[in-house]
Amino acid sequence: MAHSGISVLFEGTNFARLMGGLWTSVWIALVSLAIGLLLGTLFGLLRTLRSRLIRFVLLLYLEFFRIVPTVVLLFLVYYILPRQFNINMPATWMAVLAFSLWVAAEFSDIVRGALESVPKHQRESGQALGLNQWQLFRYVLLPQAIQLELPATINLATRVIKTTSLLLMISVMDVINVGQQIIEANNQTHPTGIFWVYGLIFILYFIVDYPLSLWAKHLTAKQKD
Amino acid sequence: MDWTIIQQSLPNFVQGFKLTLWLSLVGIVGSIIVGIITSLVQYFRVPVLKQILNVYVEVARNTPLLIQLFFLYYAFPVMGIKMTAETCGIIGLIFLGGAYMAEGFTGGFNGVSQNQLDAGEALGMNQFQLARYVVLPQGLSLSVPALAANIIFLIKETSIFSVIAIPELTNTALDLIGMYYRSNEYLFVLVVAYAIILIPVILLLDWLERRVRYGAFGN
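First to last, the protein sequences are chains A and B.
Residues 4 to 228 (my numbering) are what the first sequence spells out, left to right.
Residues 230 to 448 (my numbering) are what the second sequence spells out, left to right.
Any given hint could turn out to be false.
Said to hold, decoys possible - Footprint (simulated), chain B over chain A, 3 or more residues, beta carbon under 8 Å:
1) 79–88
2) 136–145
3) 191–201
4) 210–216
Because the hints were derived from the structure by calculation, they are not lab data.
Computed from a prediction, not measured in an experiment: that's the story for all the values here.
Just so it is clear, CB atoms sit at the ideal spot from N, CA and C, and this is done for glycine as well.
Make a model of the complete structure from these sequences and hints.
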């Protein structure tokens, strides 16, 4: 017997399971962002140094991530780590690894751009006060750069959250994977369930991402004034 | 790394390569058209249409392509709308890309300085002439950096088409890995194939960006 499709969302523990899946996605995004932003800040700082070698190596790193799509990145980690290096870890951590390296690459470019657009007299004033290189970064450049880079960073975060939708491809139990299980399990009783489950997931992603986009837009508008 | 394996797989990859190029091209051209129209509607504040397109841009930008594709490919048939995977892919890519392009063009149009608009009005130009001779030429050149980023982004997004079984590059590689279990070789070819597409595109777009710097004139 066919039920109205929407009830599939609330049958048994379906809704709670979807929320659990969403939490997995958000958790992976948050952890990857935390690691990626730290690494990216470091890479960004290194790219403003004079050493040609460091700059060249980091440029190669950045271009690699510019060229390789995130889906392919996930598969590279997923297939090559266990087979080539005998490193076995849960798919969740592989996703965190791939995403962190990707975020670090993108963020290093944001950091470098922001550091370079801190007015030159700020750096010179710092030097005149006798600050060393580290103090200059810590007390003069970083605090100002963070303000400049915040909108781009928030946009990066929304992209990371959207990219978590790819997790099902390396069989992480994310919100879409859970959704597919629910659809398959209820296909007989709720033939239109697929519409509601994917519809809900669509809306869930929007609810998570939209406030962040609004915030980024608001900050950008404020900086222009 | 076994080179004969790579050699044997090349015909398959060439097929996937062509399909990725073709889908990217259609997607990018479609996105640019949708993007320009959307941002012009927003720029000239066409009533009603503007609100609808605002919602479209926010929805498309804040949801992943993968779930948009799933919706088109799996959920639409339930409502009686059936399309081939490739049609779904192209519609999905243009839906997503159009919104990104619209944002880029809007940024460019808003960058045209007020003086230029005032000058145009002082010459007695009407709304259409302002758009055609003042806003578009300057705004488009200002939006080239955003356009370039979006083009690269859209080419890479075609890799997501593999989830609805469109035999583009990524899908080809996954298929081959599934059949012959040689992940190193196939992933290597896959990365090289994307590099062959994207490196010239990146260089070309960098060149274009340098060519159209005149757009910042008067700011």
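Status of each hint after checking the structure:
1. Counting residues of the stretch 79–88 of chain A whose beta carbon lies closer than 8 Å to any beta carbon of chain B gives 5, which meets the minimum of three for the stated coverage.
2. With a threshold of 8 Å between beta carbons, the proposed coverage of the stretch 136–145 of chain A by chain B is violated, since 0 of its residues qualify and at least three are required.
3. Requiring three or more residues with a Cβ within less than 8 Å of a Cβ of chain B, the coverage given for the stretch 191–201 of chain A holds, as 5 such residues are present.
4. A stretch counts as covered by a chain when three or more of its residues have a beta carbon under 8 Å from one of that chain; for the stretch 210–216 of chain A and chain B the count is 3, and the coverage holds.
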